[in-house]
Amino acid sequence: MTGQDAGTTNRQVWRTESAGHGIDRSQPISFGFNQFRLEGYQGDTVASALLANGVRLVGRSFKYHRPRGIFGIGSEEPNALLQIGSGARREPNTRATVQELHQDLVAGSQNHWPSLKFDLGAMVGLAGALFPAGFYYKTFIANPKRWLWYEKHIRRMAGLGEPPADTDPDDYAHANAHCDLLIAGGGPAGLAAALAAGAAGARVILADENPALGGQLLLAPQRVGGIAGHAWVEQAREQLAALPNVRLMTRTTVAGVYDHGLFTMVERCADHQSEPDPHQPRQRFWRVRARKAVFATGAIERPIAFANNDRPGVMLLSAVRGYLERFGVLAGRTAVLFANNDSVYAASRELVAAGLRIEAIVDTRPGLSEAAAAAKADGLYVLSGHGVTAARGLREVHGADVAPIDADGRTRGAAKTLPCDLIAVSGGWNPAVHLHAQSRGRMAFREDLAAFVPDANGAPYASAGAANGAYDLAACLAEGFAVGAAAANALGLDAPPPAIPAAVGDPVGAAPALWSVQAPKGARCFVDFQNDVTTKDIGLAHRENYVSVEHLKRYTTLGMGTDQGKTSNVAGLALMAAKRGEAIPAVGTTTFRPPYTPFTFNAMVGGQTGEIGHPIRRTAAHDWHVANGGVLTDAAGWSRPMYYATEGLTPQQRIDEEVLAVRNAVGVVDVSTLGKLDIQGPDAAKFLDRVYTNRFSNLKVGRGRYGVMLREDGRVYDDGVTMRLADDHFHMTTTTNHSSSVFQHLEYLLQVVWPDLRVFVTPVTEQWFAAAISGPNARALLADLAPEVDVSNAALPMMGMAEGRVAGVPARIFRLSFSGEIAYEINVDADYGLALWNGILTAGGPHGLKAYGTEAMGTLRIEKGHFTHAEADGRITMDDLGLTGMVSAAKEFIGRRSLGLPDLVAPGRKQLVGFIAAEGERIPVGAQIAALDDLDAVQDALGHTTSQAYSATLGRHIALGLMKNGRAMHGRKVFALSPVLGQRAAVEVVPPCFFDPEGGRQRG
Amino acid sequence: MSRRYSIWALARNALSHHENWPKAWRSPEPKPAYDALIIGGGGHGLAAAYYLAKLHGMTNIAVLERGWIGGGNTGRNTTIVRSNYLLDENAHFYEHSLKLWEGLSEDLNYNVMFSQRKVINTCHTLGEREATVRRYNSMRLRGIDAEFLTREDLARLEPAMNLSQDVRYPIVCALAQPRGGTARHDAVAWGFARGADSLGVDIIQNCEVTGIDRDPVSGAVIGVQTTRGAIKAPKIGIAVAGHSSQVAAMAGVRLPIESHLLQAFVSEPVKPFLNTVVSTGAAHFYISQTDKGEVLLGGELDGYNSYSQRGSLPSIEHVIASATEMFPRIGRLRFMRQWAGVMDMTMDGSPIIGKLPVPGLYMSGGWCYGGFKATPGSGWCLAWTIAKDEPHPLNAGHTLERFRTSHMIDEKGAGPFPKAH
Amino acid sequence: MDDATTARPRSPLAELFLAAQSAPPDDSATVYVQSVPFVGQVSLRGRPDDAAFLAAAQDALGLALPLTAGGMAEGEAHRALWLGPDHWLIVTGEGQGPALAGALKDRLRGLFAAVIDVSGARMRLRLGGPASRQVLASGCTLDLEPPAFPAGHALQTPVGNATVILHCLDAGQGEAEPMYDLYLPRSQALSFWRWLEHAGKPYGLSVRA
Amino acid sequence: MLLIPCPWCGPRDETEFVYGEAAVNRPSDPNSLSNQEWTEHLYFRENPKGEHTERWFHRAGCHRWFSVRRNTVTHVISAAWPPGQEPKP
Ligand SMILES: Cc1cc2nc3c(=O)[nH]c(=O)nc-3n(C[C@H](O)[C@H](O)[C@H](O)COP(=O)(O)OP(=O)(O)OC[C@H]3O[C@@H](n4cnc5c(N)ncnc54)[C@H](O)[C@@H]3O)c2cc1C
Ligand SMILES: NC(=O)c1ccc[n+]([C@@H]2O[C@H](COP(=O)([O-])OP(=O)(O)OC[C@H]3O[C@@H](n4cnc5c(N)ncnc54)[C@H](O)[C@@H]3O)[C@@H](O)[C@H]2O)c1
Ligand SMILES: Cc1cc2nc3c(=O)[nH]c(=O)nc-3n(C[C@H](O)[C@H](O)[C@H](O)COP(=O)(O)O)c2cc1C
Ligand SMILES: [Zn+2]
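Chains as they are written, first to last, in my numbering: chain A, -18 to 985; chain B, 59 to 479; chain C, 29 to 237; chain D, 65 to 153.
Calculated directly from the structure, the hints in this document are not laboratory data. There's no promise every hint is true.
What the hints assert, rightly or not - Below are the DSS-like pairs computed for lysine-lysine, each with C-alpha atoms no more than 27 Å apart in a straight line: (1) A:K560 with B:K81; (2) B:K470 with A:K891; (3) A:K126 with B:K157; (4) B:K446 with B:K89; (5) A:K502 with A:K397; (6) A:K945 with B:K470; (7) A:K681 with A:K872; (8) B:K112 with B:K89; (9) B:K470 with B:K157; (10) B:K413 with B:K112; (11) D:K113 with B:K413; (12) B:K112 with B:K157; (13) D:K152 with D:K113; (14) A:K126 with B:K329; (15) B:K290 with B:K413; (16) B:K477 with D:K113; (17) B:K290 with B:K112; (18) A:K954 with A:K891; (19) B:K329 with A:K98; (20) B:K413 with B:K477; (21) B:K329 with A:K133; (22) B:K89 with B:K290; (23) A:K891 with A:K945; (24) A:K133 with B:K157; (25) C:K133 with A:K667; (26) B:K446 with B:K157; (27) B:K157 with B:K413; (28) B:K81 with B:K112; (29) A:K681 with C:K133; (30) A:K357 with A:K397; (31) A:K126 with B:K112; (32) A:K502 with B:K81; (33) A:K667 with A:K872.
All figures in this text were calculated on a predicted structure; none of them were measured in a lab.
Throw the hints in and build the complete structure from the sequences for me.
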């Protein structure tokens, strides 16, 4: 019977009468799968609910679009990947085995067209012989144009689910935590470790990715301390929950292990709810710093490959068992159990008791183990020394071919077909060594288990229980208690002697290495279900010399799916080892990388986007800027108005107005964003002499000077005006961009290079609000604003300063000019910034004052030929900028030694020049300077523009730029070209200062 | 059976259950001596060997690889190929490399899946727009393709992109190189290996070079010590990326290189919804979707010297926060795997391709994050330099000596701070 | 117009706290923020091995400067928070920054020291309530639990999207609720508030005037 | 993610720091050096695979520069010390 037929009405036909301690039968839940409405119970996963409804076919595979069902029961699941939710909440590739059922959950199968049952993509599978591993490398070998066309079609076939349709509406959060001991995994071993360390008083975090603690104890009937395993788990949980020093976390995956004790965890807070509570995050991303850690992550059962072993109805034996024990679901009606170890016999008893018909137990081992003999005695059909060679059926299993095999899986006789709808397979277990490996722990190979286990030598963290190769329940508990106590002791705590409960678990025998059973020629035996990697692909990789496990992985994509090969990696490399004729450990493993299981990007983002993630710095006058039409831009994290928009004016008209206000009356601009450093100490002047190219020790108190700093390699680094407030006290300004790096640089020099200098540098950018008023009327305005201050040219000359109240606020007034006009920079305590700003605006009316933004400021400085980082682009020297005069020959300073290096004095360097456009022409942004007026010509650039503006003052477009031998080019007519914008202008090369080159206006 | 790959060869082989495919490359025992050795079996080393054999007739040569070929940065990069450089030396070199890419699959008879799906650079402030336009204009003057994209263009090219002005760094515009794109990283190593092997080159894996032997009189190289014994050769090319300092030091050469960590990560695979490669200066990340469907992301260096090849958190947290802002639909996709590579960061951010101050010793290294796109060009130039004992004009500027004159090829103007490039 | 009384200081979160004045208190909230505006703050620099400096500072402040990371000293009128081995933040009463800076300068004249009034550089925000530590921890990588970060501990570290000076007033042991003072860079106050709003959402965040 | 032991503040998260570079010392008299020697200082680095001495700046804490000895392969930090002092484990 196929699930799809049965599912139209809810019958939960495969739910047993009694078993299932993990579900609450009194709480039915209705949910959707494709076009069907189904029912399950509270406590179900989507997988258990689908199985309960007899639904087996749940998806199509990645490459061949083969029908696929549910294979496992936890995060190891390679097959049953569903799309959960819809629209913006649609989440592709969700494991049905992990997703908990909730009311009105909507699940859909993926990777098929037009429907799950009839998928045209499966044609690829039929033609599968044409698509071996590496097939793309051998075909479509073409020029890139044709490949682009092929690729478009190929891409459509890949990719599994659909990405969400829109922005995620849910919220996410971050959390940080510290603990003494982090325990990953809450099975018996993890719980025991927590009990031991918790009792000793250690700060413990125990995290398990399942909704309930207990691990395998929930999935198979075992006994601990005389009671059922799951009941013991509940006892242990209560005991731990009562300890204030222990934090128990379920639905929480330990995802990554990083340097210095950092672990990441992802907590799924709301994925089990229909919709997250609007105040709660859907998922929370944890960063945990732990002093010690224990990995009690259990072991993952592994399959044995046979022909068509990917058919819906082929499942891991432990999963079949778990569905019964925890969810009361029988995954089939008639089963063939196929195993190489004794766990199959315990399982067979439970399954038979629940009503499953067992057609046969196929045991690969020759002879009968004790458990096998007992099962046989109970009347079960045990075929020892046999293997399943093939599954029969297309969209689901309806039989198993069984044949005698040898120890290497080669068939040794004819196969017979046993009817069944379920093949439960157990090829042994692989310890979940992922976290150990992530922590750089090495691996050891245990022949008896045919598995890699953590090598404790040199390992930074302990592993315990099945993760450590201890499969026996009693051993798991003992190891758990031991590592928990050891961790506590190592932290200097006293762990009381553990009371290790008696345990009755499954018999664990050795699981001999058997990875695949010989298949008929042409048949496919899947190793990696998700990426459709077969035993033949591994053979092909070997044949073509992709024999390193890393090449094998990349050539076949083995282990590169969303399950990262949890059920397939070891088998894949074992098969390669066999081909190479080498032992498995000699072949080695591929590298385990975070995360343990994939988690959403948004969990890691944790809502830290927009302004939360990238804070905006605002000046004290910010609200005024916004209220008055300020069009904002980002400047090194600060929000600054570019210009103030006015109804009826274009931005350029508005900028022109602002520029002309400064040139003809007075303007005010918020310059709070400039970096400001307070520099004090007896050696402050000496220090500045060593930092700037020019001298500061001879600067008079109460005066300022413009300075340029170089990098040690001689290139221009930063510039600004520094005022001398007292003999031993300076106020330095830096560019907005470099304010924090200049501070670090100065501290470096003081702390590391010249520790003998007695200087304190303190960043004070945040303390000061600064407004610059500039223009011919600036002095008159300042006189109105600061009646107590003598603002005459004699008392307050260019580069002078004064202190006093401005608009009623105590202020430092620096007279300096970026615009080339009379200008004053007024600095006040930022709490009073808005008061000052409003005061200036109020007083400015009669003087024709306008506020201006960064665009007008830029235009004004271009007119004056002042450079910024656009010109000093990190490759430029003082000489390139024409500033050799500022470089003192008589003193030592940072960068000076490099000035004589050959490249810095080489002929033909680019030099700063001005460009002025022909009447009516407009210099494009980012232009190249060339001799030919042709946007399409290939030609040598003579230089480029660095900043350009329309100068309302001059009525022309102007630009600054860098040009080879620029200073010798003045007067040359060239072209400013922007091919990408399709714009050009005829320009003349001129000296870089366009306006008042003598500087009379600013001194006036 | 012919060694050539094609759909017909594939069909023929399907009939024999693919049991007759030959090795893509041999794994011979090292000979005691060769005419030249290439140290490093990444894309660059393999390409150098291929071009030496194919274009310069030097077939008695070997590539020595410490581990498995392509397992270094070649196997761990975000696969972006472009030639949108500002400075002369770089622009011409990378454009040459891009042209080699355009013929590579056919030349190698191996589909390296070079997909010219367009590389887009978004701009988020007017200043950034200006600087980017300037760079792309410089490309056009050199005859390299470059185009300006408005926000409307972007909406058409990348419907998943958030073009709202209501985000922290709204997009102003973008510039693009249409011929830029991606290639399948592993295939590049394997294709060059197969190509070189078929011309007689020995590719020797699991062979770590532990010493470089020099003639005591002339100082010239005479061979190497390896974990598989000594091998003689009068010419040795180093192409070991993050290990350049170690290998050069074996010949007593110090380099202006530091090794830093660069990370990348992928999401689970989903159906295609990203069409191009998008990179952004403001938020420092780049994103594309592979042909298998994973969203592939990378960002900035971790910022301190490292050989760990191991991912960390801070830098990828930044990348993913910025990327989900630009492409909100990726937020609900899952983070599947992260890894890192050891980047050979130079003091100016540009590579060193040429002769070292030891006769017979050559190198191609210092690739910073940009070396995948350089693979064919680097191999081609290194091969030329080894064969002729002098650089080709394309790599004449990328000398080690430039650091003696301070002739920096510094695209970013970041100064002698490797982590800043 | 140049009357000193017309110039009033303004907090970067003025709007927020004005709004809170009129809103009814939210009883379900488990975290609250309170603005303590315009506290006087003075940056004090001097070398810890300079006995004369330490003595003079003690004399002027009425407290001994703390000399180790996390240290905080409380006097009658002021608090001194350790910012670095040669750097302290002196916190004093509302509007008292300039006066204290003046007095300190006078007292330290002739010594190698630097005194700067930085009252406008940071705003103080008080965060309290049972969940306040959890909210902080969501954006702070330090261990904030009591033995590691007890009452009286203060240091500079990133919290959320800003680098703040974090001062634990009460570690919230026993019946008490944890309470912290945060000194935020002024220019980032609003962005920090947006972060806090997001971080506090699961716990209920209220504003107290 | 590194946990960097600031000699003043104790172990703090990597994100609080700025990485300077290899702990190369500025020559006390650059003018006495040849171009070869000066460019050696400016541009050439040991770049060891293993123990590396480097400088970090505690940007979001005490604003101190200090030296750290860190293994560039394992990232294990074996010592951190203030400028001018001897390495202290
Ligand atoms: C995360 C990440 C993203 C990147 N993204 C891009 C991108 O988008 N676009 C781009 O153009 N570039 C990118 N790069 C850079 C690019 O990957 C590299 O520059 C390029 O692949 C280097 O190739 P290679 O052959 O020089 O080095 P590798 O591939 O590293 O090869 C060097 C080889 O030398 C071997 N070797 C080392 N020492 C020895 C020894 N002693 N003896 C023998 N063998 C030795 C190594 O094992 C290795 O295989 C990225 C890099 C990383 C890590
Ligand atoms: N019959 C057999 O041969 C056999 C073999 C192996 C194990 N077992 C049984 O399995 C049990 C082993 O006990 P155990 O405690 O070692 O393991 P366990 O499997 O019982 O518990 C491990 C737990 O860790 C969780 N986990 C794994 N990785 C995680 C991660 N990264 N983050 C968070 N949680 C993670 C798992 O979901 C699981 O709940 C015993 O009952 C044992 O008898 C039996
Ligand atoms: C372009 C590209 C795409 C990748 N896609 C996947 C992928 O789909 N699945 C996967 O598991 N790893 C993928 N990886 C990562 C590799 O598995 C691996 O992590 C990387 O090559 C580095 O090697 P290492 O992790 O073994 O050190 C990809 C790597 C690259 C460079
Ligand atoms: Zn510190």
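Violated hints, by number in ascending order, as checked against the structure
Hints that this structure does not satisfy do not exist here, as all of them hold.
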